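Enquirer: Work out the full structure: start from the sequences and follow the hints.
Number of protein chains: 2
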Amino acid sequence: MIRLGGLEAGGTKFVCAVGNGATVQQRVSFPTRKPEETLAEALAFFKHHPVQALGIACFGPVDLNPSSPTFGRITATPKPHWQNTDIVQPFAQALGIPVHFDTDVNGAALGEWAWGAGRGLNDVLYLTVGTGIGGGALSGGRPIHGLIHPEMGHIRVPRDPSDCFAGCCPFHGDCLEGLASGAAIHQRWGRAGEKLEDSHPAWRLEARYLALGLVNLVMTLSPQRVILGGGVMRRPPLYTLIRQEFKMLVNDYLQANQLKDLESYIVAPALGENAGVVGAFVLAQQALEAATG
Amino acid sequence: MIRLGGLEAGGTKFVCAVGNGATVQQRVSFPTRKPEETLAEALAFFKHHPVQALGIACFGPVDLNPSSPTFGRITATPKPHWQNTDIVQPFAQALGIPVHFDTDVNGAALGEWAWGAGRGLNDVLYLTVGTGIGGGALSGGRPIHGLIHPEMGHIRVPRDPSDCFAGCCPFHGDCLEGLASGAAIHQRWGRAGEKLEDSHPAWRLEARYLALGLVNLVMTLSPQRVILGGGVMRRPPLYTLIRQEFKMLVNDYLQANQLKDLESYIVAPALGENAGVVGAFVLAQQALEAATG
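Residue numbers (my numbering), protein chains in the order written: chain A, 22 to 314; chain B, 22 to 314.
In short, the hints are calculated from the structure, not lab data. Computed from a predicted structure; not experimentally measured. Some hints could be false.
No copy labels: a pair is met if it fits in one copy or bridges any two.
With a straight-line cut-off of 27 Å between C-alpha atoms, the simulated DSSO-like cross-links for lysine-lysine are [what the hints assert, rightly or not]: (1) K281 / K68; (2) K268 / K100; (3) K216 / K281; (4) K100 / K281; (5) K268 / K68; (6) K55 / K268; (7) K281 / K55; (8) K34 / K281; (9) K281 / K268; (10) K100 / K34.
Expert: Okay, here's the thing in C-alpha cells:
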C-alpha cells in the first residue's frame with residue numbers, strides 16, 4: 022500500500038500522520054510555535070517516516086491560487102510570526118515528493134467526504150463550530166475555492182430579539198461567528214460552553230443562530246449533507262435543537278426527500294479527530310496522481 | 022458554424038433562439054401559457070429552424086439529477102398546470118438532437134461567464150433581482166447543483182431597524198426575497214420600484230438589504246465577480262449604493278485585490294436580455310460535446 026503523508030497544520034497544534042484512506046498508521050501532534058521550529062519538527066517526522074506524497078490542511082488565510090506569486094503561503098493571519106510563511110515549498114524541496122494543500126476546513130470536508138459522514142455524496146458542507154466558526158464545501162466532489170476562501174463564519178444572520186449581547190467579532194460584531202462561536206458563548210454567559218449545563222438557555226439560542234447560519238448556507242450551496250463538527254458541537258443535544266430550528270426556518274420551502282429526515286441530513290463527523298489528517302491523505306493522493314499523470 | 026438552439030423557458034415568457042457563442046441569429050419570444058400549447062410553439066420554432074443541439078434554461082424548481090426518475094421535469098412549481106411537466110424529453114424526442122438543461126439563473130450565469138461580464142473567470146455569481154430574487158453560481162466553471170438548486174433568494178439577513186415592513190415571502194416573511202424583491206418594494210412603499218424617484222429612501226434600504234445578501238453569498242461562495250441583474254437593478258445608482266454598503270459590511274475582513282475595486286467586482290450583466298439564450302447555447306454546446314464524446 023502506498024504510504025501517504027498528512028499534515029494538519031492548525032493554529033494551536035500540528036498533527037503529522039502517515040497512512041492511506043482512513044487508516045492512520047503513525048500519528049504525532051505538537052503545539053504550534055514559531056514557524057521555523059514547528060516546520061522543522063514536522064519535516065523531521067516525515068524524514069523519519071518516508072511517504073510518497075504529502076497533503077497539507079492548513080489554518081488560514083492561505084493562498085490557494087497556483088498562478089499567484091504567493092501560492093502556498095499563509096497570508097494575512099493575525100497569528101504572530103506566521104504571516105507570509107510558505108507552508109508548501111519547505112516540504113516539497115526537503116522531501117522531494119509531490120505536495121498538495123488546502124485549508125483546514127476543506128481538508129476536514131475532504132476527509133469526511135472520502136471516508137466519513139459524507140461518503141458517496143458529491144456535494145457536502147462541513148462546518149466547524151469551535152473558538153471560531155469555519156466551513157468547507159465540496160461541489161461535484163471538488164472543494165469550492167473561488168477568489169479566496171472566506172470560510173463562511175462571517176455571514177450575517179438576524180439577531181434573536183431576546184439577545185442583547187453585542188457579538189465578539191472584531192470585524193463585524195454580530196456576524197454568525199460573533200454571535201455563536203465558542204468565544205461568543207463564553208463572553209455572553211461569562212462561562213465557557215463546557216461549563217454550561219444542558220438545560221441552560223444558552224443552547225436554545227446557540228441552536229437558533231447555528232440553524233439560521235445553516236439555512237443560509239444550505240439555500241446557497243445546496244449540499245446533500247451537512248456535517249457539523251468542532252468543540253462546541255461535542256454536546257449531543259445541540260444537534261436535535263439545531264434540527265428543530267432548521268425545520269421551522271425552512272418551513273417546507275425546500276422540497277427534497279433528504280430534508281424530510283434531518284437526522285440523516287445534519288450529522289456529526291464520523292472521523293473524529295482524524296478528519297483533518299485523513300483529508301490531508303486525500304490531498305496527498307491527488308498530488309501523487311497529478312505528478313504521475 | 023454549428024447552429025445551436027437556445028430556449029429560455031421563463032414563467033412569464035419563452036424565448037427561442039438560434040445562434041452560437043454570443044451571436045443570436047434568430048430569436049422569438051411568446052407568453053408562457055399552458056404547457057402543451059407553449060411547448061408546441063417552441064417545438065414548431067425549432068422544427069422550422071433546425072439546430073444540432075438544444076440548451077434549455079428553465080424556470081424552477083426543476084429536477085437536475087440525471088439519475089432521478091423525474092429528471093428533466095419542472096417539479097413543485099406554484100405555476101398552474103406546469104407541475105411535473107417534462108421540459109427535456111419532448112424536445113429530445115421530436116427533434117432527435119442532444120438536449121441539455123439547467124435552471125434559468127444558472128443559464129444566465131453560464132451566458133455571462135462564457136461571453137459576458139464573467140468572461141475569463143472560473144467562479145462567478147449571478148444574482149437577479151426582479152419580482153423575486155434568484156442566484157446561480159459557477160465554481161471552477163461548473164454550475165453548483167447539489168441536492169436541489171435553492172437559488173439563494175431565501176437566505177435570512179438582519180432587518181434594518183428603521184424597517185417595519187413584515188416582508189412578503191409566503192414561506193419566510195422577511196427573508197431576502199421577502200424584504201428586497203421587486204414585490205417587496207411594491208408592497209412596502211405602495212408603488213412599484215419604477216415609480217419611485219432616485220432620491221426615495223427605498224433605494225438606500227434596498228441597497229442595504231442586497232448588500233447584506235451579497236456579503237453572505239460572497240463569504241460562502243467566494244466568487245471572483247458578482248453580476249447583478251434583473252428588473253430592480255435597471256436603476257444604475259443602485260449599484261453605487263450597494264457597493265458602499267458592501268464595503269462597510271465587509272469592513273476589510275476579506276483580503277483580495279479584486280475587492281479593493283468594487284466597481285469591477287459588483288457589476289451589471291453585459292449580455293442584457295440575451296444572457297438566458299446565450300447561456301442556453303453553452304448548454305447546447307455541452308450537450309453536443311457529451312453526445313459526440
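Enquirer: Does each hint hold? Answer for all of them.
Expert: Structure-based check of each hint:
no., hint, verdict
1, K281 / K68, "neither (50 Å within a copy, 42 Å between copies)"
2, K268 / K100, "between (38 Å within a copy, 25 Å between copies)"
3, K216 / K281, "neither (34 Å within a copy, 43 Å between copies)"
4, K100 / K281, "between (42 Å within a copy, 23 Å between copies)"
5, K268 / K68, "neither (50 Å within a copy, 47 Å between copies)"
6, K55 / K268, "neither (45 Å within a copy, 34 Å between copies)"
7, K281 / K55, "neither (48 Å within a copy, 31 Å between copies)"
8, K34 / K281, "neither (39 Å within a copy, 33 Å between copies)"
9, K281 / K268, "within (9 Å within a copy, 38 Å between copies)"
10, K100 / K34, "within (13 Å within a copy, 55 Å between copies)"
Hints 1, 3, 5, 6, 7 and 8 from the earlier list are contradicted by this structure; the remaining hints agree with it.
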